[in-house]
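J.: For the record, the sequence lines run as chains U and B. Here the first sequence is numbered in the numbering used here, starting from 90 and rising by one per residue. Here the second sequence is numbered in the numbering used here, starting from 4 and rising by one per residue.
Careful, some of the hints might be misleading.
[Said to hold, decoys possible] Which bits of chain U does chain B cover? Going by a derived footprint, with three or more residues having C-beta under 8 Å, they are:
1. 242-250
2. 255-264
3. 272-282
[What the hints assert, rightly or not] With a straight-line cut-off of 25 Å between C-alpha atoms, the simulated DMTMM-like cross-links for lysine to aspartate or glutamate are:
4. B:K42 - U:E223
5. B:K44 - U:E232
6. B:K44 - U:E223
7. B:K47 - U:E232
[As the list claims (entries may be wrong)] Here are the computed distance ranges between Cβ atoms for each label pair:
8. U:R300 - B:D169: 34 to 42 Å
9. U:R300 - B:Q179: 43 to 51 Å
10. U:K169 - B:Q66: 41 to 49 Å
I should point out that these hints are in silico values taken from the structure, not numbers from a laboratory. Glycine included, every Cβ here is placed at the ideal spot set by N, Cα and C.
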Amino acid sequence: MSLDFYFEFLSFALSILFFKQLKNAAIVIFVPFLFLTVLIEFIGWCYHFFQIANKNYWLFNLFTSFELIFYAYLFSIHFKHAILKKIAFYFIPLLMLISILNYTYLQGTDHFHTYTLLFGSFFMVIFCCVYLYELIINDTHYENLFNQPFFWICIGIFLFYLGSVIINSLFEYMLSNELLSRGNNLYLLITRGLNMVLYTSFSISFILCNRNKKTYY
Amino acid sequence: MQQKQEDLLLTIVIATLFFLLIGIFYLLLVFMFYQKQRKNKLEKEEMKHQFEQTMLQAQLEIQENTLNYISGEIHDNIGQILSLTRINLNILAESTPSETLNKIDNLLGKAIRDLRHLSHNLNSSILLDLGIIEALSQLLQQIEKTGKFKTELIANQSILDFISTDNSLILYRMIQELLNNIIKHANATQITISIKMIDPKICLLTVSDDGKGFDISAVLHQKKGIGLRHIFSRAKMINATVTIHSNKPTGTNILIEIKK
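Modelling step: build the complete structure from the supplied sequences, incorporating the hints.
T.: As structure tokens, then:
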């Protein structure tokens, strides 16, 4: 198991631990989501460890699409402006469509769906920027930013997708040609580092929910 | 070839770091802007609060001046006229004794006494002369004299000495308003004022009655609840909090917590 898995697991454990505080908030849906994340990572690891198959791309392709849909749904809840809510909500079927088209006509089953991921990443970064913009123009909020759980979730998503754009764009190229070994190492290093940032930010938001015991998320 | 690969991998690392740095910079900008906005909003709120306090203070000063003026007029003018009327009436009664004249004399006497009490209640100098506890005691005695209420004051004479003269006047007016409400609306027979220290820094003043109680939220949302709203705004001015416990059949307890 890689180090980032423990960060994921810690985040899941914290969501369970503070379930009582989370259950009245929208981010309670992180509990099943993180359970699924940990499960997928574990299955992926089993595939690799027991050498069940050469590639487990199908599993992560499905999960990546689901993850993007999940974040888009979260943003659709947290946006304040009705149009933005609609954009985030309509992004969900659009991503599904892109994912199916990619699967059928472009990258198929034997490749990691980088096109879907890049398309989703672009929107995630935009959603994060828009959410932060909404946050700073809001007239009624006086809370410290660092005390707001969804702010931390937003930071995690923002840095994760922003940081993984380049490595995902060059994923195919890096795993082909002569870069296979070192490219793979670099890919793992960057994605695992970003994963740690992402799940740490989730953990912080769960701790904040417990500390605040308010439902402004 | 090896060099080319290394260059490519290095470019990827640098570009990723560059993207992340841009992201962090953006987040920093957001944070700084947000903090600035927050500071401005809090300052605006503070200014608004101070303005409201000043307005309220000015309103209270005007009200006190008006009340003192009315009190003076009642005492010095109307009171004098009624006293003169009574003297003339007595002279008339000596020359032509009559039962009706006696009745008129008694009624005039009552009117003069009532007006004197009213004048004292309106005049804030009573507080300066007697202190708030004694002033409250006299206020309750007057209410008891009507024969409709039993009153009780449970307080140490010096318990409210920490309050400034201005604040004690505001507190006195608040209690007057509460007592007026009890007299007008509560159908009560017992009125109690108790004052005690519940903490070295907090004094609790309770005004309670055994009347019919009232629906607090309904009164506060009606236009009729102006008196009650004034009590809340006055409490704010003297750094006090007001809590109302009212049960329809068992009466009302109004708790005023005054911080030292």
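J.: Hints first: check each against the structure and report whether it holds.
T.: Hint check results:
| no. | hint | verdict |
| --- | --- | --- |
| 1 | 242-250 | holds (count 3) |
| 2 | 255-264 | holds (count 4) |
| 3 | 272-282 | holds (count 3) |
| 4 | B:K42 - U:E223 | holds (17 Å) |
| 5 | B:K44 - U:E232 | holds (11 Å) |
| 6 | B:K44 - U:E223 | holds (16 Å) |
| 7 | B:K47 - U:E232 | holds (16 Å) |
| 8 | U:R300 - B:D169: 34 to 42 Å | holds (41 Å) |
| 9 | U:R300 - B:Q179: 43 to 51 Å | holds (45 Å) |
| 10 | U:K169 - B:Q66: 41 to 49 Å | holds (43 Å) |
The structure agrees with every numbered hint stated previously.
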